[in-house]
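Chemist: Here is what each chain is made of, one letter per residue.
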Amino acid sequence: MNKHLYIKKDLPFEIYEINILEADEKDLLKISKEMGLALNLEEMLTIRNYFLQKHRNPTDIELQTIGQTWSEHCYHKTFKGLIILPDGREIDSLFKTFIAKATRELNMPWCISVFEDNAGIIHFEGDYGIAVKVETHNHPSAIEPFGGAATGIGGVIRDVLGVWADPIACMDVLGFGPLDYDFSKLPPGIKHPRYIFRGVVDGIGSYGNNMGIPTVNGAIYFDESYVGNVVVYCGCVGLLPISRYVKNARAGDHLVLAGGRTGRDGIHGVTFASLELTEKSEEVSRPAVQIANPIEEEKLKRAIMAARDLGLASSITDLGGGGLSSAVGETAYKFKCGASLKLDNVPLKYSNMAPWEIYISESQERMLLTVPESNLDKVIRIFMNENVEATSIGKLTSDSVLKINYKGFPVAELDIPFLFSPPKFRRTAKFIKLKLKEPFFPEPKDLTKDLLEILSSPNVASKESVVRTYDHEVKGNTVLKPFCGRNNGPSDAAVIKPLDDSWRGIVISCGINPSYGKISAYWMAASAIDEAIRNNAAAGGRRVALLDNFVWGNPEKPDRLGSLVRACAACYRFSKGFRAPFISGKDSLYNESPLGPVTPTLLITAIGVVPDVRKTVSMDLKEAGNLIYIVGQTYAELGGSEYYRIKGFLGKSVPKVRLKEARRNIRAITRAIDRGYVRACHDLSEGGLAVAAAEMALASGYGLEIWLRNVPVADDLRRNDYILFSESNSRFLVEVPVKYKEAFESTVRGAHHALIGKVRGDGSFIIYGLNRDPVIHAGIEELIDSWKKPL
Amino acid sequence: MRYIVRVEVSLKPGHSDPEGETTREALLELNYPVDSVRVGKVYEILLEASSINDAQVKVEEMCRRLLANPVKDDYRYEIKEASNE
Amino acid sequence: MRREEIRVCIVRVGGTNCDAETKRSFEDLGVKAFVYHFNEVSQGIDLLDYHILVFPGGFAYGDYVRAGVIFAKNVMARMGKKIIRFVDEGKPILGICNGFQMLVESGLLPGINGVSEHPEAALATNIPIGYRCKWVYLRHENNGKCVFTRLIPKGRVLRIPISHAEGRFLLPRDREKEILNKLLENDQIVLRYCSENGEYAEGRYPDNPNGSFHDIAGICNPEGTVFGLMPHPERAYYGWQLPDWTRIGKPPRYGDGKMIFESVVQYVMRKF
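Quick mapping for you: the protein sequence lines, in order, are chains A, B and C. Anchor point for the first sequence: position 12 equals 11 in numbering that gives the first Met the number 0, and the numbering is continuous, going up by one each time. Anchor point for the second sequence: position 80 equals 79 in numbering that gives the first Met the number 0, and the numbering is continuous, going up by one each time. Anchor point for the third sequence: position 39 equals 38 in numbering that gives the first Met the number 0, and the numbering is continuous, going up by one each time.
Honestly, the hints are just simulated from the structure, not real lab data. Hints may contain errors.
With a Cα cut of at most 20 angstroms, we get these calculated SDA-like pairs of lysine to any residue [claimed, not checked]:
#1 A:K377 x C:A76
#2 A:K184 x B:K57
#3 A:K462 x C:P127
#4 B:K57 x B:M0
#5 C:K249 x A:P497
#6 A:K423 x A:P789
#7 A:K462 x A:K184
#8 A:K651 x A:R666
#9 A:K614 x C:P221
#10 A:K394 x A:S339
#11 A:K377 x C:Y253
#12 A:K787 x C:V34
#13 B:K57 x C:N38
#14 A:K655 x A:K423
In silico negatives: residues of chain C with every beta carbon more than 10 angstroms from chain B [stated by the list, open to error]:
#15 G61
#16 V64
#17 H117
#18 E119
#19 A121
#20 N125
#21 G143
#22 L169
#23 L170
#24 E195
One-sided excerpt, in silico: chain A residues whose CB lies under 7 angstroms from chain C [claimed, not checked]:
#25 S399
#26 K402
#27 S617
Heads up, the beta-carbon is just placed ideally off N, CA and C, and yes, glycines get one too.
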């Protein structure tokens, strides 16, 4: 360390004064780098000005506090910043302009708390609300897959606890590089996808299972761009009595830190998530990975629920990125208070930690409650009864100043309004026109081989070997499970029945289409929204709320930012169009590695409700002789499809979303399900009609025949393979008993639909082409073998 | 006196060891000519006892009462005097 | 004794996580069920005021050292005498999954010659290795000794899910046959993994999902009052919990798990 920049203070513990008053611009950047602050020059200058006015230098803990609070992870500078478009127009905050705008304009009465708190909250039934949050944990999982993924789950569960909700279900969506990736092509410092895959899956299973929260929904996606940037989305759904959603802390309330002890784990996790991964990440970042202890969190959860039910605390928040520094700061800021802390009260794992380390440590399984003086003993006793430590570490004050003491000495004094007004970013976006081409190749006569190949492609094939390692049954409320049918077909959504005295259910589904992101970020986002909503509808869900989770490259690079703008614009249009408000979201940017940026990936999570879980529909065929309908029109949209992929093409004709049609189709499905005409329903996604039909058949063990001549198509579609494998959005396959033929048809009138086949009793899967000859002919066993082989 | 005890609990010979077998396969895949892998657990225990004999009695008891299940586990241990730190 | 007088004590510690649904299953039958933290059971309440004791599923104490062992040793050290009296009074104890592991580690099961000082069996790492959450078929093998399955005809095939990584039932290798014979003689074998049609799995995966010796999924003590099983009957209590109720169109009222709870409730009603 450079002597004149860092002055050790003469105190009985380790603390430095940072000489920024005398630092020039080069020094400021040097300080930012050496202290791991990840702040840019403008931000450092803002800090220097602040301390110039105070006529003093900051301490290390003060500077670290600012660094954490202003980090991309905590403050979402990109989504809140100013973006200059190529035509000179400006977007003042992507978040306000697109995401939150849809929600505000829709103004749904069932939205209880959106974007404000740790998790979004919507109404469920009576006094009950549903809380939902989805997070990413990509960078930690790239360095240490098991711990990174486990703490990702732990963190999102705490987000749900942070709105006083009882976590009742977890979701996880994972993106890996191809498992057969050539070892010799791996750059130094990047781990093989197979290693990361194993670790991440084990980490997720271990945390959710140990805590006793069922993992009910998710997806696994493989993409070359994930080799250097593993994608780990962790989601959690919680249930809370809305009357117990208490957030009314005031000056004088105690700040109570509860849970695990504080150690050096995870120090600088936040700033490290804001930097690109480099070859050195592994050695430099190791300490940034946190250690997970799900049992501690299980106990913590019990105590928090008990404190909630007795109404003893005035607010709660989780400790995540930035540790105490962001939890205390945000709590004080939210309630327009200051805070006065005695850092010595924080229970430590070991004794020799510097104050700044204590304050920004990201040790897991910790929560911060505010508790009125009169309830303090009661609250601490509740935690004690669960064998959880809880300690008052200070109080909220009325002066909007953060004051931290350690061993009797003041070590930090910062104005909270300053802490929450970082300089606004200005970044330029560029829209890149990709040079894409639609491929041309002759239509294969027989498509059986192509179907089998797609069924066994990693993105379509069964994920059973992974999903079975997650407990999806614990709590005993999982009505529609990840698998259905005799042969464990993939459910479109999960249905949970959270209340013992009600038949109302929560429907959880997701949509993700990274391969479309290679063609158009806009239609990728639109497709993900459509997919999440249609998956929900296929199981009987409606009144859908959405969550957005962006995984993108470095937003300081204009082309990355350009595609992000496009995706956000789609979010606004289709959220509004589907009348499905966003209630929460999170972004993970800077996903870049020596192999390049991550494919722009947007995960959309959809949370719907079903009035009576007994009306839920699964995707497996139920009875020979039943009729098969398609709802929705098929277009020549094979860009980014699995079919093109196995042929070695990307293509250009990415699936679009036609709002009017989409809404009509979804409404038709919901009505038909409610009236009891639907025995099975499956959405059409990767692999299109062929794969959806095959999955319904193989799940059940029944055979199926489909007549392509009947499929409603747009005018220009004349090829069997295109009709079969187009991935047009907003489509469903529906199984209807013969006796409901007329009733069903009149129910879905208005939506494109057609009778296109029937369930066979003989276990053969036959698709008749446009000229009535079979283009696919296979036995169910063949389909099962291909589908179950790969993972 | 303080003693450092190192207890090693492993599966009895003849019992299948799925963890060891899986590890062996993984090592083979990485091209190491591994014949067998047995997985065990190691406990390092800092213990107060009046003598090394006393320590041994206590450790023996710990193993039988908690650390090993005699149906499937073997255990062995080393006891050393702890240096005064 | 009337149903509503029956009191069930469900004990939890840090890491227990199937207590709520277990409580719900008992309450559905009209009995009173209470969930207590082990701290309360060992100090505050009197276990002998209750008629059924349950150790539910989960990962008690993180399953560190071995699944269930720390919980087992704590319970036996702090309230072993009470437990033994509870058993001696003929009051039933149920251990589900982690609770089964705990009963084995505590020496309460199989308990061939009363509560053993050291475990006489083990629930070892699954073969094939790994955590597994799935529905399995179980064949009821008991001739009437086990008070938890008296309403289930012998030979009846039940469907109940498992969810564990350590469920491979093991006996000491050198005495396997001898102890198995003893268990058979005492009518202590209650549930065995089988195929959909009720054929014994004979150790074959996937019908035997974890490599258990003799396909054993659940056993009781010689008196038939202490019962442990790896599958989760509380997850197969209601019809809507079944994995394939959508095939029938509407969920049936109850699943196979209910009979286990109902059997023990009726036993207590008759006995006390």
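Chemist: Are the hints correct? Go through all of them and say.
Modeler: Against the structure, the hints come out as follows:
no. : hint            : verdict
1   : A:K377 x C:A76  : 29 angstroms, violated
2   : A:K184 x B:K57  : 54 angstroms, violated
3   : A:K462 x C:P127 : 17 angstroms, holds
4   : B:K57 x B:M0    : 13 angstroms, holds
5   : C:K249 x A:P497 : 19 angstroms, holds
6   : A:K423 x A:P789 : 48 angstroms, violated
7   : A:K462 x A:K184 : 26 angstroms, violated
8   : A:K651 x A:R666 : 30 angstroms, violated
9   : A:K614 x C:P221 : 46 angstroms, violated
10  : A:K394 x A:S339 : 5 angstroms, holds
11  : A:K377 x C:Y253 : 41 angstroms, violated
12  : A:K787 x C:V34  : 42 angstroms, violated
13  : B:K57 x C:N38   : 26 angstroms, violated
14  : A:K655 x A:K423 : 35 angstroms, violated
15  : G61             : 14 angstroms, holds
16  : V64             : 6 angstroms, violated
17  : H117            : 5 angstroms, violated
18  : E119            : 7 angstroms, violated
19  : A121            : 4 angstroms, violated
20  : N125            : 7 angstroms, violated
21  : G143            : 28 angstroms, holds
22  : L169            : 6 angstroms, violated
23  : L170            : 7 angstroms, violated
24  : E195            : 26 angstroms, holds
25  : S399            : 39 angstroms, violated
26  : K402            : 35 angstroms, violated
27  : S617            : 4 angstroms, holds
Of the numbered hints stated above, those contradicted by the structure are hints 1, 2, 6, 7, 8, 9, 11, 12, 13, 14, 16, 17, 18, 19, 20, 22, 23, 25, 26, listed in ascending order.
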